[in-house]
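K.L.:
The listed protein sequences correspond, in order, to chains S and C. Under the numbering used here, the first residue of the first sequence carries the number 1, and numbering increases by one thereafter. Under the numbering used here, the first residue of the second sequence carries the number 1001, and numbering increases by one thereafter.
Calculated from the structure, these hints are not laboratory results. By construction, the Cβ of each residue, glycine as well, lies at the ideal position given by its N, Cα and C atoms. Everything hinted at is true.
If you want the footprint, here are the derived chain C segments under chain S, 3+ residues with CB under 8 Å:
no. : stretch
1   : 1091-1100
2   : 1110-1124
Calculated cross-link-like contacts (lysine to aspartate or glutamate; reagent style EDC-like; alpha-carbon spacing at most 16 Å):
no. : chain 1 : residue 1 : chain 2 : residue 2
3   : S       : Lys551    : C       : Asp1124
4   : S       : Lys551    : C       : Asp1011
5   : C       : Lys1098   : S       : Glu271
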Amino acid sequence: MSRPGEAKLPHLFKPGQIGAFKTKNMIKYGACCVSNYNTRDGFITPRELARTRVIAGTGAGIITNQGAYPDPLGEGKAYFRQVALFDDKFLPQFETIAQYIHDNGAVAIQQILHAGRYGGIDLGYCIQPSVVPQTLPHFRPPRELSKEGIQDIVRQHAEAAKRSIRAGFDGTEVTSFMGYLLANFNSRFTNQRTDEYGGSVENRGRFMRELIDAIKQATPEHPLVIRLNGAELMDRWGGNSEDECFELMQQAVDCGVDMISVTVGWQEAPESSIGRDIPPGHWNYLSAKAKKMFPNTLITFGNRLPDPVMANQCIADGVFDFWEVCRPLLADPELIHKAAEDRLDEVRRCIGSLNCLSRLFRDLPYTCAMNPQLGHEVEPEYQITPAAVKKKIMIIGAGPAGLEAAITARRRGHDVTIFEKSDRVGGNLHGYSTNDLARPDDLISVINYYRTMIGKLGIEVRFNTEANAKFMRSILHQFDVCIIAAGARTDLGYYRHVPGHERMVDALDVARGTAKPGKRVVMVGAGKIGLTLAESLAKQGHQVTLVEEAKSIASDVMPSFKWRHSAWVEELDIKTLTSTTLVGMDDEGALVRNNKGEETRIPADTVVVSGPRKANHDLFNDFLWMIDELHGAGDAVIPRGLDASIHEGFRIGVRI
Amino acid sequence: MLDRHQPMFADMVPGASVGLVRREGSGIQPGKHVGGLASAGGEIPMMLWTVVDGGMVASLVQFRGLADIKVDLLLVVGDRAVGNLATASAEERMPMLKRLIRSGDVLFFVFRTKFELQDAGYEDFLDTLGLAFLGACR
Ligand SMILES: Cc1cc2nc3c(=O)[nH]c(=O)nc-3n(C[C@H](O)[C@H](O)[C@H](O)COP(=O)(O)OP(=O)(O)OC[C@H]3O[C@@H](n4cnc5c(N)ncnc54)[C@H](O)[C@@H]3O)c2cc1C
Ligand SMILES: Cc1cc2nc3c(=O)[nH]c(=O)nc-3n(C[C@H](O)[C@H](O)[C@H](O)COP(=O)(O)O)c2cc1C
Ligand code: SF4
Chain S
1 MSRPGEAKLP HLFKPGQIGA FKTKNMIKYG ACCVSNYNTR DGFITPRELA RTRVIAGTGA
61 GIITNQGAYP DPLGEGKAYF RQVALFDDKF LPQFETIAQY IHDNGAVAIQ QILHAGRYGG
121 IDLGYCIQPS VVPQTLPHFR PPRELSKEGI QDIVRQHAEA AKRSIRAGFD GTEVTSFMGY
181 LLANFNSRFT NQRTDEYGGS VENRGRFMRE LIDAIKQATP EHPLVIRLNG AELMDRWGGN
241 SEDECFELMQ QAVDCGVDMI SVTVGWQEAP ESSIGRDIPP GHWNYLSAKA KKMFPNTLIT
301 FGNRLPDPVM ANQCIADGVF DFWEVCRPLL ADPELIHKAA EDRLDEVRRC IGSLNCLSRL
361 FRDLPYTCAM NPQLGHEVEP EYQITPAAVK KKIMIIGAGP AGLEAAITAR RRGHDVTIFE
421 KSDRVGGNLH GYSTNDLARP DDLISVINYY RTMIGKLGIE VRFNTEANAK FMRSILHQFD
481 VCIIAAGART DLGYYRHVPG HERMVDALDV ARGTAKPGKR VVMVGAGKIG LTLAESLAKQ
541 GHQVTLVEEA KSIASDVMPS FKWRHSAWVE ELDIKTLTST TLVGMDDEGA LVRNNKGEET
601 RIPADTVVVS GPRKANHDLF NDFLWMIDEL HGAGDAVIPR GLDASIHEGF RIGVRI
Chain C
1001 MLDRHQPMFA DMVPGASVGL VRREGSGIQP GKHVGGLASA GGEIPMMLWT VVDGGMVASL
1061 VQFRGLADIK VDLLLVVGDR AVGNLATASA EERMPMLKRL IRSGDVLFFV FRTKFELQDA
1121 GYEDFLDTLG LAFLGACR
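Full structure from sequences and hints, please.
P.N.:
Structure below.
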């Protein structure tokens, strides 16, 4: 333990062992890497290799490579560009990945992922223990597996395991996580068989036991990890109870698995398992239970446990042996090194936004809201390299876009000054975090990260300075580049024709706390800003009615979070009128009209308007003839959201 | 019930259909769907809403088990949920249905692929019910 932070986190950074393989610390990079970067027929691409090279260098003692499907038909294939491992033709790239991992002194584990109920993406059907129809339209209609089919799959897993070892991996892992084939056999919900593979927990676990036996026989010298749910969150659908989950773990232990990775939830589960609304450490009790029940089997855990300090304590307290960490290393691949170097304040935290998984489910390559480089590792254009010409850069606006552009450009050696009209950094992210019901702490961590980096990189921020044409004239020729990252405003002009429009209150003022609405509020606009504010106000005891012109609410919300807003709207009893427009306001409240022309009066003390939004474009015209280079970033270009602002800020900063 | 919420079906193509059966008697029980998969052990009534040109019609047909089903979506409603829905006002029913789906008192199965449902105009309807149209690791 030579680095200063290692002594502070001694349990995390002590050496460990899995099977015959020594690990440099107690951290496992969990398979968080189905990426959709590969070819449609399962070959690994240079893009993937560049990404895995970064993963290999994260500093984890064990690195798990992404789940590969083991069958030639692709019944096990869940993702559009998932990698395959059913033939030797795929081996060369797996060899490269194993080599990357070993070059970094880590133990290499290859995951085998047969998606079962969620598989067959190219086939139009999926296979399951029994025909239980889907509850989510994303997935394909089921077909029942025959006994011969089961034996084929067991054999395919064993062959994929052998192939992994031949490629240079030290061990393998089978995943049931999120409701894949293994979970389907284990579960009471999807396993309705009447033969020896169905019925009792003993019978339902038979497939798993056969799988473990076959892999163990095929690769006797190599550790096998199995990912099993501690809770499925499917009880209401008739899924396994927690006790049954642990009975199944017992079976895996009895079969001699080397490590259990404890996970939570199915994709179909009606509640969150790893989203922003789940507080870090929420599921630790499941891991603690596993460790207590199976003291002689290695337990690894990490779902929604993003903090190394917390993980260190968990190991000390016997909650688990290895911290299994995924998304926090997507958001900041340097996390472990920063922890080891006692630089935790520089960590860019995973905010649990699930942008990554939302994209996978749209069959797109995954990206990370917080890490604009993720997925672009292969492109020199995305690397922070010293700028050929050092420039003086002025940035208008200290929101996420401006801040990201500033730190990126500064790292490349440019001289950067930010001009911010308010007295703090963070921009609209402040209002967002203050009103967020999911987990404000995560959003505040983003602001804190930027504040730290601005300080450490010596970037000057001139607060209370509004940039406009007059101001620009006063600093003429002092800068080479101007980046306009001044965000967006609510387009109040859109309601000019509405009688009483002067009574409207701007949602951004409410978000900032500079306007205080009365008890009864009409919120016009049910996009992400209107919804967040409406929920926050309702939580504080206001009576809120949402009025939205479009047919449905949350149209600009990330797919994996829409349901969360709908659920909050229900729970908080927020009345919602869609296909409805604001047509008037007076002392009594708001007058609205639906698409059939019917008018309704909604009694209200305050009418708050959250949309449409308008980019702060005006500055572009004002500055055009005053500076050598002029760029825009974030909501100032087109109002979108946090991810787009961070990504765009980075792309400008890395290019100038 | 659904026919009172015509705007939700505005985008749906004629022929799109949603069924509703009571869980009791359907053979579909949490963790024991096998009865419902094979047959309902006789015939029980199923409420069927079908989109037709210019609207939605409700009718009563026979449910003979999941294997034989001819609807795009099926709602399976437990006894308690039937009672709650029956006593709710027309305005309350949709939010209540959403809550009952989330609480597991109404089970929900889909019999068409994502693209088929998208083509048939179901995206809004499913969103309204609070269901993740695309996969939902959450
Ligand atoms: C209540 C609420 C909920 C939200 N919910 C979500 C959500 O769920 N998901 C999501 O992705 N996004 C959400 N957002 C939006 C998100 O916060 C913004 O998209 C993001 O902050 C945009 O970043 P930006 O840097 O482009 O602009 P901003 O954050 O708007 O920053 C612009 C900065 O420029 C400064 N500025 C403006 N004009 C000048 C000038 N002339 N001179 C000097 N400084 C100037 C401003 O003071 C501000 O600090 C929400 C916002 C709010 C308020
Ligand atoms: C982009 C992405 C890809 C993932 N791919 C896999 C996978 O291939 N196999 C698997 O078992 N889990 C996979 N997972 C789940 C993670 O391994 C992990 O269990 C989950 O993200 C929760 O842990 P975290 O909170 O540390 O991210 C993936 C998760 C993400 C976000
Ligand atoms: S996209 Fe969001 S959830 Fe995924 S790793 Fe990045 S910050 Fe975390």
